[in-house]
Amino acid sequence: MDKMPKWADVILIPLISLILAAILSTLVILAIGENPVEAVNLMVTGALGSTYGWGYTLYYATNFMFTGLAVAVAFHARLFNIGGEGQAMLGGLGVAMVCLYVPWPHWSIALLAAMAAGMLFGAAWAAIPAYLQAKRGSHIVITTIMFNFIAAALLNYMLVNVMRPAGSQDPATARFAEAVHLPTLHEMLAPIGINFSKAAPANISLIIAVIACIVVWALIWRTRLGYEIRAYGHSETGAVYAGISPVRITIVAMLISGALAGLMAINNVMGEAERLVLNSTEGAGFIGIAVALMGRSHPFGVFLAAILFGFLYQGGAELALWTSIPRELIVVIQALVILFTGALDNMVRMPLEKLFLALRKEAN
Amino acid sequence: MTVPAIELKGISKAFGPVQANKDISISVAPGTIHGIIGENGAGKSTLMSILYGFYKADKGEIWINGKKTDIPDSQAAIVAGIGMVFQHFKLVENFTVLENIVLGAEDGGLLAPSLAKARKELKELEEEYELFVDPDKRIDEIGVGMQQRVEILKALYRKAEILILDEPTGVLTPAEADQLFRILDRLRAEGKTIILITHKLREIMEATDTVSVMRRGQMTATVKTAETNPEELAELMVGRKVLLRVDKVPAKPGKPTLEIENLRVTDSAGVERVKGIDLTVRAGEIVGIAGVAGNGQSELLEVLGGMRPGSGVIKLNGTPLALSGPEADGQARRAQGIAHVPEDRQREGLIMDFHAWENVAFGYHRDLAYQRGIFMNNAALRADTERKIEKFDVRPPNGWLSAKNFSGGNQQKIVVAREIERNPDLLLVGQPTRGVDIGAIEFIHKQIVALRDQGKAILLVSVELEEIFSLSDRIAVMFDGHIMGERLPHETDEKELGLLMAGVAGEAA
Amino acid sequence: MELFLTIVQVLDSTIRLATPLLLACLAGLYSERAGIFDIGLEGKMLMAAFFSAAVAAVTGSVWLGLLAGIASSLVLSGLHGLASITFRGNQLISGVAINFLAAGLTVLVAQDWFQQGGRTPSLFGGGRFEPINFPFAEALSGVPIIGPIYAELLSGHSILVYVAFLMVPATWWVLFRTRFGLRLRAVGENPAAVDTAGVSVVGLRYAAVAICGVLCGIAGAYLATALQAGFVKDMTAGRGFIALAALIFAKWRPWHAMWACLLFGLLQAVALRFQNIDLGGIIIPVQVMDALPYILTVVILAGFVGKAVPPRAGGEPYVKER
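Protein chains in written order, with the working numbering: chain A, 1 to 364; chain B, 1001 to 1509; chain C, 2001 to 2322.
It is worth saying that the hints were derived from the structure and are not from the lab. Glycine residues also receive a C-beta, built at the ideal position from the N, C-alpha and C atoms. Check each hint, because a few of them may be wrong.
Far from chain B, some chain A residues (derived; all Cβ distances over 10 Å) [stated by the list, open to error]:
| no. | residue |
| --- | --- |
| 1 | Met97 |
| 2 | Arg175 |
| 3 | Ala231 |
| 4 | His234 |
| 5 | Ser235 |
| 6 | Tyr241 |
| 7 | Ile244 |
| 8 | Leu357 |
To be clear about the criterion: a stretch of chain B counts as covered by chain A if any three or more of its residues have a C-beta under 8 Å from a C-beta of chain A, and this derived list gives those stretches [stated by the list, open to error]:
| no. | segment |
| --- | --- |
| 9 | 1295–1307 |
| 10 | 1333–1347 |
| 11 | 1362–1376 |
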């Protein structure tokens, strides 16, 4: 028999972990002499109190959906892809090249090409760690960490030495042409009479991210490939027995993961900055880890967790603006979420399992 | 009446919802060999692990030499004079024999004096009990028989007066096992108390003074070995009269289905495990491969099942099969008409976290019947599962349960159902009844024989000689990667096969 | 002579830059030899860097700073132990969490305490570790070859540098010549063997994780109070990961760890001094030097320079069967 009902595993445990993370975050805020109630108020108003706030919340959430899905897909194959950050950087490089060097007639075609380029570059950056894991057994956690640093150096080189416009001191590319400007939520909602903030960066990429959630769900739970990825993730020896090639699954899962991380660039590079700057990813690749853990690697969970983190990000920025609490509070919260939903999972799980066992015994 | 060396009173232990030991009491006289027999999963190992402090009992008392003793961890067990040789050895593979013996029993913080002292004492122990090992060899350089000696020496070095051995002969040849029993006799003569856990009746009858029988977590009887017989013990073990032979009509072998010529297999560590064997399995016959675990049988099955590459020639119905590359993986083998009930259903044959209905397609998940466009046809899978559950009497009959929530026997029924229902030309079967309850064993054996009677070829690998005898139409014995000889079951006996399994070639081999 | 002096200076800076790597690398060695993977070296160093600098700035005593640094690193070690030993969680995820926790908390607390945008005040005087000058260093510095080597390269480092390099033979000795070392290595290879031999797996692993915390604490304190004069945001700058890379490079052996850290220290020293390197027409951009340690690690991991086999039980929580 299962030790506890499925709903407890899927909803109760993440919820309790989240509450624990929230309690500790409250203590941190108290410890630095701020009022937690006020802080939460500020965050809620700042992130959800206006279409401007929502626009930023959804913009961040879009990033996190892509990176969260990236980590989640790899998790299903029992691969820990810490390289989402580097893959997203490379995705940005691909998107920037497509947007800068090709004269696009219309944003929609440019978007398709940028998606392809972002996915291609992201996947390519995941391909080497994937190959080394599959063929030579090099630990993918370490190699993907290394590839994050290499990506940062590469991006630095490209921006400083190659792509920087002549005469500019700023390590960034030129602005993309007006033709590749993606419709923002403001522009999309105006025709149907909804007045959405003009300044907020949320754009059509949000819809692509939601579609990506649905596609990943279908891929993992409804296709042969998803079946094989999950089977391999649960048991490598089982996969070999069933004729599922570990090499193939490792590489394919990582390529999909890298492509999803790279796809993020349509949001932050093409949709928001409209040029490629250093540190354009802003750690979104790492937040993907927290998002995937909290979402239990399920696309719907990832969707919810991404919105939560989008809220935290925007709320945290507002907090930094109006109080002396720095934005790093969000990094702490992110760490606590990873800690409780990931590493300390058993701390919550073990007492709950005992509880359910006792309840069942009583019921019998 | 002497004071018992060990007395367990009312020991209970649960793992989550599973009750492994229920109110067990047992008393062992000093200077005797006490056997504990029971089926796999009866709770023998759990009970002894509690005595050794590896697990903690939920309830009950342990008395050692007439004194109530608390054993919260292995350290306490060692202090109480208890040593244990686990079924899976607890040795550090890249340490030397000496380092392994010293580990945890060092004198002082520096290593050098401890090792010097241990070297000296080891020599004395070796001579006293004729347990010779090379102290400077690394564990991964010596064979399993030697490793077992290291485990025994470890216990003796810690001055153990009570020695527990858990299924000690599983990895030994009959000759090595005989040697082990001579050592145990000697230890008993020195006044040591020995507990022998096994599921082999023969060992109980040969080696023990008293025997306790366990069934489903409970102690069903304790009797003097001299006053019982194997039939009675078997009945106590399973709770009813056992059918020791499978009812079957004589085989009518047809054309060769599987022909193996000079097959060689190298494992991932680069060691050659199958060293050029020839074997034929005909349609309508069961060929059983007997042998001690680890002599190449697993690798033979794995090559045939597409789980690892090999070299040589394999023909199925006269057509040569690829032995490496994509045409030799599990998918290709299934397409070629080979089904495979693997040796380890939990690690290979099933995905324990998948629903039963997902497992029913495992390995055949690319079958067109399970597809609908680019998606899998889960409805078809579930319908198929319901049919198989019904036909193979899987309990509980619920396709939505995860594989891990079925008992061993029912898990195996799911695997067997999946493989047999494919109607393969050749069925590979590895350890079909390991960890399976008696009722399911009978059922599974009948299914295998029925497939044979449909004219299919079956290659069976089992370390249980009894199973080999009762199922096989022809027996091949493997030792060290070679086939030592083939015998017909009615023309041979356990003794002859035992010699072959030990690498002693028979006259006709 | 010019060239020689340049080389001595680069090597001198190599030693300084290799020191935090070496301390962190040895820290990781204890932990991973005991079967606990630790990708949180970076976070522990960062935490220690902040608290050592903060306490040194407030009290004016670098030694109190060092203690505070070690204590803060130990707290994170305890957390890692709790997650990966007691609650048998995923060690990699725990390490990731610890890195973020340190990155966030240091800035948060720094801002609260000092209001200087996430940094500590600059340290001076007793708030820093001063260089130790060997006897006659001044007098001998004029002697050709030997002089500069003695006075520049060997003499004139802070005490923590010498501590770090002395830790190498010490670690070797502990690991291979003591009872504790034998048990530590055993628990990283097969914890069940240790358990059934009557030794506490949990105790051993916590001990290893604690040693790891102390060494990471010293490494962080060195960064903030000796190599630099104060804490700045994210000042570890990936050193914890380079140390991890060095550990793999060294195949979890103490002496090899030292050479690996010196190599990576040299790369950093060269990158620091030369920016873009001109090799007879081919210009190596500074970014290549920055990325080189990581590229090297990937090459090593790929097994092109011998296979790195980690301790067998590494990364796996110890669960008795069932």
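Report the numbers of all earlier hints that the structure fails to satisfy, in ascending order. Hints 3, 4, 5, 6, 7, 8 are the ones this structure does not satisfy, whereas the remaining hints hold.
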